[in-house]
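Novice: Protein chains in written order, with the working numbering: chain L, 932 to 1164; chain W, 51 to 149; chain G, 96 to 487.
All the given hints hold, so there is nothing to weed out.
Taking lysine to aspartate or glutamate pairs in the EDC-like style, the calculated list, with each CA pair at most 20 Å apart, reads:
#1 Lys242/G <-> Glu325/G
#2 Lys1042/L <-> Glu101/W
#3 Lys1020/L <-> Glu143/W
#4 Lys131/G <-> Asp156/G
#5 Lys1156/L <-> Glu137/W
#6 Lys1121/L <-> Asp1081/L
#7 Lys1156/L <-> Glu121/W
#8 Lys1020/L <-> Asp142/W
#9 Lys1022/L <-> Glu143/W
#10 Lys1097/L <-> Asp1081/L
#11 Lys1121/L <-> Glu101/W
#12 Lys1022/L <-> Asp142/W
#13 Lys1114/L <-> Glu1075/L
The hints are simulated quantities; they were obtained by calculation from the structure and are not laboratory data.
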Amino acid sequence: MAEQILFIIFGILAVGSAICVIAFRNPIHSALALVLTFFSLAGLFISLGAYFVAAVQVIVYAGAIMVLFLFVIMLLNLGRLQTTRQINKAKVFAVIVGILLAAEAIYIGIKAYDGTAVSPAQGESQAVGAAITSEQLNRISEIESTYHLDRTEINSTYVPEVSEQKSTVETLTASEANLLIAKLQGEMGKPDRIGTILFTKFLLPFEVTSLVLLAALIGVIVLVKREDTDTAA
Amino acid sequence: MALQYYLILSALLFTIGVIGVLIRRNAIIIFMCIELMLNAANLAFVAIGRELGDASGQIFVFFVMTVAAAEVAIGLAIIVSVFRHRETINIDEINTMKG
Amino acid sequence: MDLPLHVLIISSLIKIVVVVHLLLIGVMAMILAERKVSGWIQDRHGPNRVGPWGILQPIADGIKFLLKEDLIPDHVDKPIYLLAPAIILVPALVTCGVVPFGSSITISGYEIPLQIADINIGVLYILAITSLGVYGVVLGAWASNNKYSLLGGLRSSAQMISYELTLGLSLIGVLMLSSSLSLRDIAIQQGGYPWTWNFLIHFPAFLAFTTAAFAETNRLPFDLAEAEQELVGGYHTEYSSMKFAMYFMAEYMHMIVGSAVAVTLFLGGWQFFGLEKIGGPFWSGIISFGIFFTKTAFFLFVFIWVRWTLPRFRYDQLMNLGWKFLLPIALTTIVVTGTVWAFTQSKLLVAILNVVAAAIVVAIVATTLVMTREPEPVDDRGVLSFTEESSS
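From just these sequences and the hints, can you work out the full model?
Specialist: Put into structure tokens, the structure is as follows:
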């Protein structure tokens, strides 16, 4: 329920402010609308349980990238540039293409994903009281290896939350195992879980990203630096 | 909340970004629209990642953000240096390679 | 800790109301304290006409702000001009939502933590919200449509981006050792004794964090965005009456919240020699709040003290300090803390090596700066010529 409400509020905010980004004539107003879009996306991330990503979204996009945009707009004093508003054929064409693209993307979003890949937590119904299946055990050990969790830790902290009397995964029933899997997956947005797989499974991409940032840093300095240092701005 | 709704929202945001790139002539606004498109993709990543019970979706968002930050820095630097040469950032007037 | 829903909602509402009012009262107290302390530092009386010892001065100030003409100049960008003062107040207010201002109070069997929300990304939340503070300044500056304001806004945005980096990076060492992003966990882990608090273990990071926090509040010696001698009033030149008062209040709120965060992260939060455990389940909560309050008040005093002691930085000095000293120090603490912690798990060693490494870095940077410094421009009569020097 809470997720639906959050989705509706932030969804409408996101789309509305995104339209404002392309509709406002003044770049500063557009930039502000974009900040609002980023905010509503952060809200959507929270409703999806991705807390870490939501925080990083605000820090990186709203706190750094958009301030940079504002800085450049103010530096070049673009807010004062008068842009003429003309509706030509190209623009009409662009809007038509856009609407077609949206229709296509929405169609794919609805149709191409038929829900077969739904996680075991929401999978087919099992008989009440049936024992835990091997599939579920596999899934749990998969989660364990991804997040470097310990079976004893799961047994001591997560299993009692699902079923109070039990203390080992193997004794759970199938429906309780589903709850356990859902609970373990719900933890994945937490920063420590993200950090664990970022520094194990994705270590190489992470290191490569730092090279990308370094390249950007050097590139910017080369681009903006003027030849004569006296008039450096 | 079903995945479809998130995908539709993501598609809408992406399309708004595309339309913005097509109809606006101001290089900075076009740049903002590209950011918007990246964010639409991020939303799809997180939503699908949640559906599959896999945090890799969130890791990808993390990488997209890093690359976006680098891209913004470079892009704005290009815009600033173009503005210094031409006194405009209207992309209709910046259509020659010669400075 | 699991409270029933109705208790949770009621207690949260009460906490929100109390915290917001405490902040507003805190702002009033700060206005008075600033004037009194500055008077004391400059060897004069300070306000002493309104009420006994001048303690009603903030109220007089408030009435004056309210009754002044609320002027909206013709040339401003009206929607943003009106929005900007609100934008600067909001981050200051919402940040205190995650700051633990005491241990917990037990009322009729329910243990209520003295914190509005203990979220598992507390530190990230604070960094995210502080990074929004710059919008109020930049937008107000731009919307005023005034050269001086715009210059102030440009300075402010560059300054905030530079110092935010330090603010975030200086916390990494603390987070590494606490392995939690929840402010409550970080505060509890530091224990009650001053020598186990984070400011000793991460002393260079503490200095860097405090300096960056000063810069984030836009106060002397970092008030380049305002700089009344150069830019009239900087970003708030065109603001008057309550809109100016909102900028004014936001500055003090940022100070209070910044001090509270620093106390939580580096000074052990509400703990002091086990004093917070005295008394029953009710009074220990009150005492712990008192301890927290005292520490924050001390920090705020340092804020005022620094403001009335140091002159304003020049712009290039500001950028040098941020990028060439504070940022390397923050990065060094990350490397040192991480390496030492991975091998020895000794907090003492972390503390010592952090200071040593930071000292080495500062020495290297300072030597490089001195070596590469260009000679002062001297004209043929041997007089320093102060030419306009545009800084990068």
